[in-house]
Structure formats: C-alpha cells, structure tokens
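Let the hints inform the model, and build the full structure from the sequences given.
Protein chains in written order, with this note's numbering: chain A, 1 to 327; chain B, 328 to 654.
Calculated directly from the structure, the hints in this document are not laboratory data. These figures come from a predicted structure and were not determined experimentally. Some hints here could point you the wrong way.
[Claimed, not checked] Straight-line distance between alpha carbons at most 30 angstroms, and here's what the computed DSSO-like set of lysine-lysine pairs gives: (1) K325(A) / K97(A); (2) K61(A) / K42(A); (3) K149(A) / K166(A); (4) K325(A) / K424(B); (5) K210(A) / K195(A); (6) K325(A) / K598(B); (7) K652(B) / K73(A); (8) K149(A) / K378(B); (9) K149(A) / K388(B); (10) K271(A) / K325(A); (11) K476(B) / K424(B); (12) K73(A) / K166(A); (13) K652(B) / K97(A); (14) K400(B) / K271(A); (15) K400(B) / K388(B); (16) K400(B) / K325(A); (17) K431(B) / K195(A); (18) K73(A) / K42(A); (19) K598(B) / K195(A); (20) K195(A) / K400(B); (21) K22(A) / K61(A); (22) K652(B) / K271(A); (23) K51(A) / K104(A); (24) K652(B) / K104(A); (25) K431(B) / K325(A); (26) K166(A) / K104(A); (27) K424(B) / K149(A); (28) K271(A) / K476(B); (29) K195(A) / K97(A); (30) K51(A) / K61(A); (31) K652(B) / K325(A).
Protein chains: 2
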Amino acid sequence: MSIRIGISGYGNLGRGVEAAVKNAPDMEAVGVFTRRAPETVKTLTGLPVYKMEDAPSMAEKIDVMILCGGSAKDLPHQTPELARLFNVVDSFDTHAKIPEHFEKVNEASLSGGKLSIISAGWDPGLFSLNRMYGQAVLPNGQDYTFWGKGVSQGHSDAIRRIPGVKDARQYTIPVEAALERVRGGEQPELTAREKHTRECFVVAEEGADKKQIEESIVTMPNYFSDYDTTVHFISEEELLRDHGGIPHGGMVFRTGTTGLHGENHHVIEYKLKLDSNPEFTSSVLAACARAAFRLSQQGQTGCRTILDIPPALLHPESPEELRRKLL
Amino acid sequence: MSIRIGISGYGNLGRGVEAAVKNAPDMEAVGVFTRRAPETVKTLTGLPVYKMEDAPSMAEKIDVMILCGGSAKDLPHQTPELARLFNVVDSFDTHAKIPEHFEKVNEASLSGGKLSIISAGWDPGLFSLNRMYGQAVLPNGQDYTFWGKGVSQGHSDAIRRIPGVKDARQYTIPVEAALERVRGGEQPELTAREKHTRECFVVAEEGADKKQIEESIVTMPNYFSDYDTTVHFISEEELLRDHGGIPHGGMVFRTGTTGLHGENHHVIEYKLKLDSNPEFTSSVLAACARAAFRLSQQGQTGCRTILDIPPALLHPESPEELRRKLL
Numbered sequence: 001m002s003i004r005i006g007i008s009g010y011g012n013l014g015r016g017v018e019a020a021v022k023n024a025p026d027m028e029a030v031g032v033f034t035r036r037a038p039e040t041v042k043t044l045t046g047l048p049v050y051k052m053e054d055a056p057s058m059a060e061k062i063d064v065m066i067l068c069g070g071s072a073k074d075l076p077h078q079t080p081e082l083a084r085l086f087n088v089v090d091s092f093d094t095h096a097k098i099p100e101h102f103e104k105v106n107e108a109s110l111s112g113g114k115l116s117i118i119s120a121g122w123d124p125g126l127f128s129l130n131r132m133y134g135q136a137v138l139p140n141g142q143d144y145t146f147w148g149k150g151v152s153q154g155h156s157d158a159i160r161r162i163p164g165v166k167d168a169r170q171y172t173i174p175v176e177a178a179l180e181r182v183r184g185g186e187q188p189e190l191t192a193r194e195k196h197t198r199e200c201f202v203v204a205e206e207g208a209d210k211k212q213i214e215e216s217i218v219t220m221p222n223y224f225s226d227y228d229t230t231v232h233f234i235s236e237e238e239l240l241r242d243h244g245g246i247p248h249g250g251m252v253f254r255t256g257t258t259g260l261h262g263e264n265h266h267v268i269e270y271k272l273k274l275d276s277n278p279e280f281t282s283s284v285l286a287a288c289a290r291a292a293f294r295l296s297q298q299g300q301t302g303c304r305t306i307l308d309i310p311p312a313l314l315h316p317e318s319p320e321e322l323r324r325k326l327l
Numbered sequence: 328m329s330i331r332i333g334i335s336g337y338g339n340l341g342r343g344v345e346a347a348v349k350n351a352p353d354m355e356a357v358g359v360f361t362r363r364a365p366e367t368v369k370t371l372t373g374l375p376v377y378k379m380e381d382a383p384s385m386a387e388k389i390d391v392m393i394l395c396g397g398s399a400k401d402l403p404h405q406t407p408e409l410a411r412l413f414n415v416v417d418s419f420d421t422h423a424k425i426p427e428h429f430e431k432v433n434e435a436s437l438s439g440g441k442l443s444i445i446s447a448g449w450d451p452g453l454f455s456l457n458r459m460y461g462q463a464v465l466p467n468g469q470d471y472t473f474w475g476k477g478v479s480q481g482h483s484d485a486i487r488r489i490p491g492v493k494d495a496r497q498y499t500i501p502v503e504a505a506l507e508r509v510r511g512g513e514q515p516e517l518t519a520r521e522k523h524t525r526e527c528f529v530v531a532e533e534g535a536d537k538k539q540i541e542e543s544i545v546t547m548p549n550y551f552s553d554y555d556t557t558v559h560f561i562s563e564e565e566l567l568r569d570h571g572g573i574p575h576g577g578m579v580f581r582t583g584t585t586g587l588h589g590e591n592h593h594v595i596e597y598k599l600k601l602d603s604n605p606e607f608t609s610s611v612l613a614a615c616a617r618a619a620f621r622l623s624q625q626g627q628t629g630c631r632t633i634l635d636i637p638p639a640l641l642h643p644e645s646p647e648e649l650r651r652k653l654l
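Below you can see the structure in the form of structure tokens.
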C-alpha cells in the first residue's frame with residue numbers, strides 16, 4: 001500500500017515534490033491544493049488540482065500533506081492550520097523563527113492527534129543534521145558553513161527592488177582560500193567577507209543609470225556591504241539563457257581535536273552540489289513524509305524536526321535490509 | 328548527574344574512549360575492565376582498573392559499558408554476554424556478520440531489559456548513516472565509498488604474516504581521477520583498481536629476499552592482487568619515525584538525479600580526514616553511549632544501530648537548544 005501524498009501549493013517546490021513522489025517506490029500523489037483557480041493550474045503528471053478549501057474534506061484520502069508554500073507569508077499560518085487535520089511536512093526556513101513555528105505546529109498536531117515535521121530541506125535540514133552529528137562526535141571543535149556556488153533568491157530579490165533594475169540573479173560563492181584553511185584543520189576565525197563573495201547579473205531598464213545601480217547594490221547593508229561584490233550588466237536574453245537554472249549547494253564542516261591534550265586533528269566535511277535547489281529540497285520533503293507517515297502509524301503525535309527522526313524511517317527499505325546493506 | 332561509563336578492554340580504542348569521555352561535558356568514566364592482570368595496566372587519567380570478571384558486580388555503578396575489544400575474537404561473545412547486564416555500545420565492524428551479531432545482542436539486551444548499540448564508529452557508523460540519508464533523498468542514484476588516505480590494519484597484518492617481514496604499514500589511497508569522475512556526477516562503474524591504490528612500507532628481516540617479499544605482496548589474492556600496489560623497503564627506525572600514526576578517513580558519495588526525466592544532477596559528499604582512526608571511532612562510541620543511556624532512560628530495550636537512533640540523542644544539549652542553534 002502506497003503512502004498517499006497531498007501537495008499544498010504548486011510553485012517550484014510543489015512541482016519538485018510531484019516529481020519526487022513519482023520517483024519514490026512507496027508513495028503516490030493524490031492531488032495538488034491551491035489558492036489559485038484550480039482550472040488555471042496544469043500539473044506535470046496530470047495530478048488533479050483542488051481548491052485549498054477542499055483539503056479538509058479529503059483528510060481521509062491523504063496520509064501526509066506536504067506544504068510547498070513560502071516561509072515568509074504562507075507557512076506561518078498554513079502549517080498550523082493543516083497540522084490539525086493532516087500529518088504534515090514543511091520546509092520552513094526562517095532560521096530565527098523556527099522555535100516559535102515549532103511550538104505552534106506542535107500544539108496543532110497534538111490537538112489533532114497528528115504528526116508533523118517542520119524545516120525539512122537542506123538548510124535547515126541536512127546541514128543542521130551534519131552540524132549536530134559533528135558537534136556530538138567532536139565536542140572540542142568548530143563549525144563552518146559555506147553556501148554556494150548557487151543562486152540566492154533573497155539577494156536576487158533585493159537587487160530587483162532597486163529602481164532601474166528589470167531582473168537580476170545573484171550567486172553566492174565560497175572563497176577558495178577560506179575553504180583551504182578550514183580543510184587544513186587550522187580552525188580560523190573568518191569574517192563574512194573572507195568566507196563568501198557575491199556575483200550579480202543585472203538587467204537594467206532602458207536608460208537606467210548603471211553606475212547608480214551598481215553603487216546601490218554594493219553598498220546595500222546586510223545583503224552586500226559586508227562582501228566583495230561583482231556586478232555584471234547583461235541583456236534579458238543573456239539572463240534567461242545563461243542564468244535560468246536554480247543551482248545551489250554548500251558545505252558544512254566540523255573540525256576538532258581528540259586525545260587528552262587535543263593532539264589529534266580531524267576534519268568532517270559534508271558537501272552538496274545541486275543542479276536544482278527546489279527539486280533537491282523537495283526530495284528531502286518526500287523522504288520526511290515517509291518518516292511522518294511511519295511515526296504516525298506508530299501512534300506518535302506532535303511536531304518533529306529532522307534532528308528527532310530515527311534515520312532509517314526516511315528510507316523505503318526495512319531496518320533489517322538497511323543493516324545488511326548499509327552498515 | 329553525569330552518565331557513568333565503563334570501559335571494557337584497554338587498547339587504542341579503550342584509551343580513545345577514556346579521552347573522549349574526559350572531553351564530554353556530561354559523562355564520567357568509572358573504570359577499565361581487562362582480561363590482563365589489572366596491576367599491569369596503567370590508564371591515561373588514572374582510572375581504576377578491574378578484572379573483567381568483576382564487571383557484573385559493578386552493574387549498579389555503570390550506566391553504559393563501552394566495549395573496546397576486537398571484532399574478530401572479542402566482541403562476538405563479549406557484547407552478548409555484557410548486554411544482559413549493562414547498556415552497551417560496541418564498534419563491531421565485520422560488515423558481513425552484523426545481522427547475526429545484531430540478533431544475538433538484541434536477544435541478550437531484551438532478556439536483561441537493557442539497551443545496546445552495535446557497530447558504532449565511522450564505517451560502519453557515520454558512513455553507513457550517510458549512505459542511508461543519500462539513498463533516502465536521491466532514490467535514483469549511485470553510492471560510492473572511498474577509503475583513505477589511511478592505514479589499513481588488516482592489510483598491514485597480512486604483510487606482516489609474510490616470511491621475512493619484520494614489520495609493515497599499508498596505506499589505502501583513493502585514486503584522484505576516480506574521485507573527479509564521481510564528483511563530476513557522471514556515475515561511473517569503477518573497478519577496485521580504479522578506485523584505490525595501495526602503498527606498503529615494509530621492514531625486512533636481515534638477509535630476507537626483498538624481491539620475493541614484494542612479489543608475495545603484490546600478488547596476494549583479496550588483499551593486493553586487484554590493486555596497483557607499491558612496496559617500499561625501509562628501516563625499522565624510519566617506520567617508527569614516519570609511519571607511527573594511525574590516520575584514516577575517506578568519502579561517501581551519493582550522486583543522483585531528480586525531476587520527472589532525471590534532468591537535474593546532484594552530488595552529496597561526506598568526507599572524513601582523521602589524524603587518529605581509533606580516537607575518532609572512540610568519539611563516536613562515546614556519543615552513542617549518551618544515546619544508549621537516554622533510550623534506556625525512556626524505558627527502551629533491545630539492540631539498535633546508528634541508523635535507528637534519533638540524532639538529537641547523540642548530542643549533549645536539549646532538543647530545544649538544538650532547534651534554536653542548529654536548524
């Protein structure tokens with residue numbers, strides 16, 4: 001019997017979940033739920049599309065609802081709402097607000113007798129997991145996270161808000177020299193500027209002051225002023241042709257020492273190189289949906305994160321098979 | 328209240344556990360148990376040393392017993408024996424026999440109402456975990472494991488058994504060209520020879536036939552005949568001076584595709600670079616002892632592997648703190 005998945009929201013992430021569920025041996029998608037007019041939404045695999053308001057009436061037909069909305073406006077209310085009715089999984093990624101989101105979703109899941117997993121993806125998600133394992137194994141040590149090379153949606157949006165900018169794509173790029181120092185185990189203190197550079201590809205409106213746009217970008221507080229930033233002006237055609245993908249990735253390091261006097265050094269590196277950030281995130285969401293279903297079948301309720309989930313529950317095979325093949 | 332740890336066996340691994348427990352904020356070591364005469368064993372931190380037969384009488388004073396014997400002769404009987412009396416953790420690493428070992432230890436732990444974790448370390452252990460997460464997230468893909476650069480104890484021992492060899496150290500080294508192909512995402516089929524080379528440093532007995540020794544090494548089935556092997560003859564002084572450490576490490580890759588037509592490629596790489604193989608393994612054992620204690624406190628019994636353990640149980644901080652700091 002397949003795990004029956006509902007998909008709430010149908011942007012890049014929703015499409016990624018649709019494909020990930022199709023690729024999973026033990027899941028099937030039931031349908032997409034949207035706030036748009038259903039007849040205007042065409043799904044990749046011909047999945048039926050329902051109005052969001054129809055979701056509650058389908059609670060019996062869905063084992064896990066995967067929420068594919070945004071962290072800024074959708075998930076803070078959608079996840080708690082749906083968590084009363086469904087086992088849910090979301091990718092809430094506003095790091096500072098995760099504890100608050102957790103509490104709300106936990107309460108909703110408990111009140112509905114359901115199981116929820118929040119903040120699934122790669123950061124938060126697989127990166128968090130690797131920070132945790134690294135710290136647990138090497139208590140005397142240092143964490144490092146590098147992102148990229150990849151497209152930062154938030155930084156691209158910040159550029160688009162500058163007057164005279166028609167479109168933009170921003171890449172976050174780790175600095176090789178910093179990576180080498182971390183891999184060498186020297187545990188350096190690194191500033192934001194030493195860790196990442198930022199490269200921007202900008203399409204200017206006709207007649208816009210490019211000098212002024214560039215100045216606005218490189219001096220923008222929080223987003224760019226603490227980094228070495230390069231700005232390239234290109235045509236709209238070039239942007240679509242050369243920068244249409246959504247690659248990302250990065251590295252989590254734990255470097256530390258063991259021995260009574262810290263005499264032995266160790267470096268743990270976890271690295272992702274992703275062609276498609278949303279599709280990879282969706283694949284983590286699908287694996288977490290499997291775990292949510294199984295935990296719920298065990299009678300567990302309330303909210304979890306990937307830090308709480310017995311790893312084997314994410315994998316389609318049985319614990320016996322996993323011990324035989326992977327240990 | 329600290330978690331009280333017993334250390335069974337006092338070789339490289341036992342000393343590593345002693346140091347790891349010392350470095351842990353929430354554990355204390357109670358003593359070492361040995362089959363040698365206790366008065367002949369000097370511990371690094373002055374821990375008391377007891378006869379192995381005295382362990383049962385100290386069951387009330389020890390929360391978790393960490394077993395530091397060998398997988399060939401010690402653990403197959405020691406772990407089941409002690410698992411009736413203690414929560415235990417071992418690093419049993421004879422991959423093919425793990426299912427059988429699991430069954431025996433599980434039965435013992437259940438009969439004693441105790442919790443056990445077997446095959447903790449990095450391979451099996453953290454590497455197994457990364458194979459599992461990789462497969463769960465990228466079901467359409469390929470696994471690769473590379474070991475090294477590092478000292479292989481088994482291969483060093485095999486060389487030492489050759490007549491005329493006084494001592495030897497064997498390094499397993501991943502082939503750069505193979506790593507590049509895997510990192511490039513092309514999912515190659517690789518033979519043993521294409522993945523690793525073997526480099527041997529050998530101290531010959533006086534008057535031994537070096538030509539003959541080299542021939543015996545490079546043609547040895549299972550161990551060397553399937554690899555490109557280099558043999559260097561060096562003096563005993565050089566061996567001790569330049570090859571006294573026990574470094575190791577390696578990489579686990581999962582490379583795979585997402586999308587309805589497998590159009591997007593992803594590479595997950597988990598890499599360890601370890602100055603001391605036994606001390607790092609010991610650090611994993613110590614973290615697993617924390618998890619074993621907590622699972623036991625929850626009333627759980629029976630055998631587990633790292634694939635079954637909720638990750639947060641390995642970390643000294645609370646789930647709330649971990650959510651706040653690591654997600």
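Here's how the hints hold up against the structure:
no. : hint              : in the structure
1   : K325(A) / K97(A)  : 39 angstroms, violated
2   : K61(A) / K42(A)   : 21 angstroms, holds
3   : K149(A) / K166(A) : 23 angstroms, holds
4   : K325(A) / K424(B) : 11 angstroms, holds
5   : K210(A) / K195(A) : 27 angstroms, holds
6   : K325(A) / K598(B) : 20 angstroms, holds
7   : K652(B) / K73(A)  : 23 angstroms, holds
8   : K149(A) / K378(B) : 56 angstroms, violated
9   : K149(A) / K388(B) : 52 angstroms, violated
10  : K271(A) / K325(A) : 23 angstroms, holds
11  : K476(B) / K424(B) : 26 angstroms, holds
12  : K73(A) / K166(A)  : 24 angstroms, holds
13  : K652(B) / K97(A)  : 11 angstroms, holds
14  : K400(B) / K271(A) : 37 angstroms, violated
15  : K400(B) / K388(B) : 27 angstroms, holds
16  : K400(B) / K325(A) : 23 angstroms, holds
17  : K431(B) / K195(A) : 50 angstroms, violated
18  : K73(A) / K42(A)   : 23 angstroms, holds
19  : K598(B) / K195(A) : 20 angstroms, holds
20  : K195(A) / K400(B) : 48 angstroms, violated
21  : K22(A) / K61(A)   : 18 angstroms, holds
22  : K652(B) / K271(A) : 20 angstroms, holds
23  : K51(A) / K104(A)  : 24 angstroms, holds
24  : K652(B) / K104(A) : 19 angstroms, holds
25  : K431(B) / K325(A) : 19 angstroms, holds
26  : K166(A) / K104(A) : 38 angstroms, violated
27  : K424(B) / K149(A) : 42 angstroms, violated
28  : K271(A) / K476(B) : 19 angstroms, holds
29  : K195(A) / K97(A)  : 25 angstroms, holds
30  : K51(A) / K61(A)   : 15 angstroms, holds
31  : K652(B) / K325(A) : 34 angstroms, violated
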